[in-house]
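The whole structure should be built from the sequences, with the hints applied where relevant.
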Amino acid sequence: MNRPSERSRREQALPALDRFFEQQSRGASLATRMRHDRVHDRLMEFLAEADMSRCLDLQENAQLAATRARGDGFFGVFGLEEVLACLGRFVDDDWLLDPVTDARAQVMLAGRLAAWLQRSGLLDQDLVGCAAHETEAAIEAARCGLGQPPQDAPAPGRPALRLIRGGRADP
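Residue numbers (the UniProt record's numbering): 1 to 171.
I should point out that these hints are in silico values taken from the structure, not numbers from a laboratory.
Honestly, I wouldn't trust all of these hints.
[Unchecked claim] Per label pair, the in silico range of CB-to-CB distance: (1) SER120 x GLY27: 35 to 45 Å; (2) SER120 x GLY73: 36 to 46 Å; (3) ARG38 x ASP72: 18 to 28 Å; (4) ASP92 x ALA69: 19 to 29 Å; (5) MET34 x GLN59: 37 to 47 Å.
Predicted, not measured: the structure shown is a model, and the values here were computed from it.
Here a beta-carbon is modelled for each residue, glycine too, at the ideal position from N, C-alpha and C.
The following block contains the structure:
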């Protein structure tokens, strides 16, 4: 299996994130593009400053602290796999944007980014492990915390599927 080097993984991370946000904003209204820009800026701030102790292990946190002390950022040592692992922390209450419309956009884009990263072929799946599932659960919890229905819930006004017996739907 031909794996990218750690350096190339790190070097592809920022352009990949920029590409994702560009794709999400393409064809959107000015207000939506501005909201997406605020989420992108918040993600970069998060990666530069946030306490990652809940999403990275002790050794990785030590590496990140040393990298930040040298003036390098998150991508001085990590790649997209670690971004995926930390997206759950990015949607914690203390990192959500104000007003609530921006917070909802942040949670939505974090979910889309997680899905996009997993489909992109850019991740080393051996490094991802359970991080994808933990991130998805954190994003779903944040979505519900903002008063949005769970992603797999039926749309309002549409009945949920019901068991049909003898040609009649159960009440």
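Here is how each hint holds up against the structure:
{"no.": "1", "hint": "SER120 x GLY27: 35 to 45 Å", "verdict": "violated, 20 Å"}
{"no.": "2", "hint": "SER120 x GLY73: 36 to 46 Å", "verdict": "violated, 21 Å"}
{"no.": "3", "hint": "ARG38 x ASP72: 18 to 28 Å", "verdict": "holds, 25 Å"}
{"no.": "4", "hint": "ASP92 x ALA69: 19 to 29 Å", "verdict": "holds, 24 Å"}
{"no.": "5", "hint": "MET34 x GLN59: 37 to 47 Å", "verdict": "holds, 39 Å"}
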